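Asker: Sequence:
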Amino acid sequence: MIPSPPCKFNDYNNIHCLKWYPTKKSVPPTPSSTTPQHPASPSSPALVATGASVRIYLIARKSSEERSRIFIQELHAINPKAEIIWTEGEISLLAETKRVCEVIKSRESRIDLLFLTTGYAPFGARNETAEGIEITQSLVYYSRILFIQHLLPLLSAAEAPKIVSVQGGGLERTTVDLDDMDLKKSGDFGVVKTHVQYVSMNSTS
Numbered sequence: 001m002i003p004s005p006p007c008k009f010n011d012y013n014n015i016h017c018l019k020w021y022p023t024k025k026s027v028p029p030t031p032s033s034t035t036p037q038h039p040a041s042p043s044s045p046a047l048v049a050t051g052a053s054v055r056i057y058l059i060a061r062k063s064s065e066e067r068s069r070i071f072i073q074e075l076h077a078i079n080p081k082a083e084i085i086w087t088e089g090e091i092s093l094l095a096e097t098k099r100v101c102e103v104i105k106s107r108e109s110r111i112d113l114l115f116l117t118t119g120y121a122p123f124g125a126r127n128e129t130a131e132g133i134e135i136t137q138s139l140v141y142y143s144r145i146l147f148i149q150h151l152l153p154l155l156s157a158a159e160a161p162k163i164v165s166v167q168g169g170g171l172e173r174t175t176v177d178l179d180d181m182d183l184k185k186s187g188d189f190g191v192v193k194t195h196v197q198y199v200s201m202n203s204t205s
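First residue of the sequence shown: 1, per UniProt numbering; consecutive thereafter.
The hints are simulated quantities; they were obtained by calculation from the structure and are not laboratory data. Keep in mind that this is a model prediction, so the values were computed, not measured. Don't take every hint at face value.
Listed below are the simulated DSBU-like cross-link pairs for lysine-lysine, each with C-alpha atoms no more than 30 Å apart in a straight line [to be verified]:
(1) K105 - K81
(2) K62 - K98
(3) K193 - K105
(4) K62 - K162
(5) K81 - K193
(6) K62 - K81
(7) K162 - K193
(8) K162 - K105
(9) K105 - K62
(10) K162 - K98
(11) K193 - K98
(12) K98 - K81
Okay, the calculated beta carbon distance ranges per label pair [said to hold, decoys possible]:
(13) A157 - P80: 20 to 30 Å
(14) E108 - P80: 35 to 45 Å
(15) V164 - T87: 12 to 22 Å
From the three backbone atoms N, C-alpha and C, an ideal C-beta is built for every residue, glycine too.
I would like the entire structure built from these sequences, with the hints used as guidance.
Answerer: Written out as structure tokens, the structure reads:
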């Protein structure tokens, strides 16, 4: 198995949109639960190791382009029939998320698998995007919901569509702090609290 590139906690964008071209009538493969995933993985070997013809849109930040392209070359060595399209997108910004979705919708008629693995670890003070949303909340919650919402027509066009959202396994809670959903109150913000809050919001949406 090819190891993932080095992880940087602030290098968070990682979305895959997969179109599957089977030789026989079948459903898209389900990524292996044993394949290691982390915020900086440009792609998952499990998506290409089947040897089937697939087209994958890899959405990542401009800063990760060089190492993403190196990793894509390694994935092509596993499966030369896989078409992996690197797509730049600063998806902590919701306007950028919508723009990237429009790019994909302009090129494709369906999506078989939407793989969401963005993440961010706020080891420090609160950091908001230019849109005024805390980065962790934007990536773990709002951006993921927008990807699903805007790409739903393409997912609905697939025979057996799948959405895989990887973030904070085991951190889900049955309750969400509705009095401070953005965690702006003094003492509420922190690396653990943000993930528990936003992962729970994601799971209950």
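Asker: Next pair to validate is K62 with K81; report whether the Cα-Cα distance is within 30 Å.
Answerer: Roughly 25 Å between the alpha carbons, so the hint for K62 and K81 holds.
Asker: Within 30 Å, alpha carbon to alpha carbon, are K105 and K62?
Answerer: 21 Å, holds
Asker: Is K193 close enough to K105, meaning Cα to Cα at most 30 Å?
Answerer: 35 Å, violated
Asker: So if I understand the rule, the pair passes when the alpha-carbon distance is 30 Å or less; does K162 with K105 pass?
Answerer: 17 Å, holds
Asker: For the pair we were handed, K162 and K98, check the Cα-Cα distance against 30 Å.
Answerer: 20 Å, holds
Asker: If I claimed the Cβ atoms of E108 and P80 lie 35 to 45 Å apart, would that claim hold in this structure?
Answerer: Violated - the Cβ-Cβ distance for E108 and P80, about 21 Å, lies outside 35 to 45 Å.
Asker: Is K162 within 30 Å of K193, Cα to Cα?
Answerer: 29 Å, holds
Asker: Can the restraint linking K62 and K98 be considered satisfied, given a maximum Cα separation of 30 Å?
Answerer: 17 Å, holds
Asker: Is K81 close enough to K193, meaning Cα to Cα at most 30 Å?
Answerer: Violated, at about 43 Å.
Asker: Quickly compare the C-alpha distance for K193 and K98 to 30 Å and report which way the hint goes.
Answerer: 27 Å, holds
Asker: Does the beta carbon distance between V164 and T87 stay inside 12 to 22 Å, or does it fall outside?
Answerer: 18 Å, holds
Asker: Are A157 and P80 spaced within 20 to 30 Å by their CB atoms?
Answerer: Holds - the Cβ-Cβ distance for A157 and P80, about 27 Å, lies within 20 to 30 Å.
Checked against the numbered hints given earlier, this structure breaks hints 3, 5, 14; the rest are met.
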